[in-house]
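A.B. asks: Sequences listed follow chains A and B, in order. Following this note's numbering, the numbering of the first sequence begins with 7 at its first residue and continues without gaps. Following this note's numbering, the numbering of the second sequence begins with 3 at its first residue and continues without gaps.
Note that these hints are calculated values from the structure, not bench results. There could be a bad hint or two in this list.
To be verified - Beyond 10 Å from chain A on every Cβ pair, some chain B residues (computed):
#1 Leu13
#2 Ala15
#3 Glu19
#4 Phe20
#5 Ala33
#6 His35
#7 Gly43
#8 Gly54
#9 Lys55
#10 Leu61
#11 Ser84
#12 Lys105
Unchecked claim - Some, not all, of what chain A presents toward chain B, calculated at C-beta under 7 Å:
#13 Trp13
#14 Gly49
#15 Leu52
#16 Tyr104
#17 Leu107
No residue lacks a Cβ here, since even glycine has one placed at the ideal position from N, Cα and C.
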Amino acid sequence: SQTIHQWPATLVQPVGSPLSLECTVEGTSNPNLYWYRQAAGRGLQLLFYSVGIGQISSEVPQNLSASRPQDRQFILSSKKLLLSDSGFYLCAWSRTGYEKLFFGSGTQLSVL
Amino acid sequence: KNEVEQSPQNLTAQEGEFITINCSYSVGISALHWLQQHPGGGIVSLFMLSSGKKKHGRLIATINIQEKHSSLHITASHPRDSAVYICAVNDMRFGAGTRLTVKP
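Start from the sequences and build out the full structure, keeping to the hints where you can.
C.D. replies: Now the structure itself:
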């Protein structure tokens with residue numbers, strides 16, 4: 007069966023510090039991978055998606071970047087965090103763009 | 003105007019009631035998702051629709067492609083159904099969510 011791992015669950019970082027959130031998927035190959043953010047009191051927003059290794063599409067210009075160094079690994083990064091980067095970050099995968107989404111457990115990021 | 007509109011924003015029901023949550027969208031779609039988010043933040047995918055109707059237990063999801071509208075129905079609602087229900091189009095565009103509270 008397929009599983010998705012996302013860590014850490016919570017993270018408190020100072021403004022200006024770097025960020026690296028990692029997501030890995032097991033039990034499938036060549037998944038579509040997604041990073042979403044949910045700011046406090048707001049809806050989900052797609053940040054990045056990837057259909058293959060090294061292929062990253064960005065939906066919203068921002069202080070963040072994503073990389074897919076391996077087929078089932080998706081990393082969200084920032085060189086310098088802003089206060090506005092605070093939020094709940096979710097990684098997800100699907101077999102294609104036309105199938106169910108499966109979400110990780112999320113990372114609550116607080117930038118202080 | 004948002005590309006994905008959900009209604010109502012908040013919904014309170016008594017246990018056992020039939021519940022309907024609506025989603026209208028303005029973009030062309032390949033797939034529409036209904037998601038459930040519990041208070042801890044975790045999200046579970048309930049349905050993925052491209053046409054017609056799907057049923058899973060007490061949950062039913064329908065979509066009308068011509069009218070660009072989808073509904074999520076919960077029959078015989080239960081307090082454990084209390085959650086935020088989110089409509090998503092094409093993995094990329096999300097409604098603001100409907101917060102459902104079912105009282106015993």
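A.B. asks: All hints are to be evaluated individually against the structure, with a verdict given for each.
C.D. replies: Okay, the hints, checked on the actual structure:
no., hint, result
1, Leu13, "holds, 16 Å"
2, Ala15, "holds, 22 Å"
3, Glu19, "holds, 25 Å"
4, Phe20, "holds, 25 Å"
5, Ala33, "violated, 5 Å"
6, His35, "violated, 6 Å"
7, Gly43, "violated, 5 Å"
8, Gly54, "holds, 15 Å"
9, Lys55, "holds, 16 Å"
10, Leu61, "holds, 14 Å"
11, Ser84, "holds, 18 Å"
12, Lys105, "holds, 23 Å"
13, Trp13, "violated, 14 Å"
14, Gly49, "holds, 4 Å"
15, Leu52, "holds, 5 Å"
16, Tyr104, "holds, 5 Å"
17, Leu107, "holds, 5 Å"
Checked against the numbered hints listed earlier, the structure breaks hints 5, 6, 7 and 13; every other hint is satisfied.
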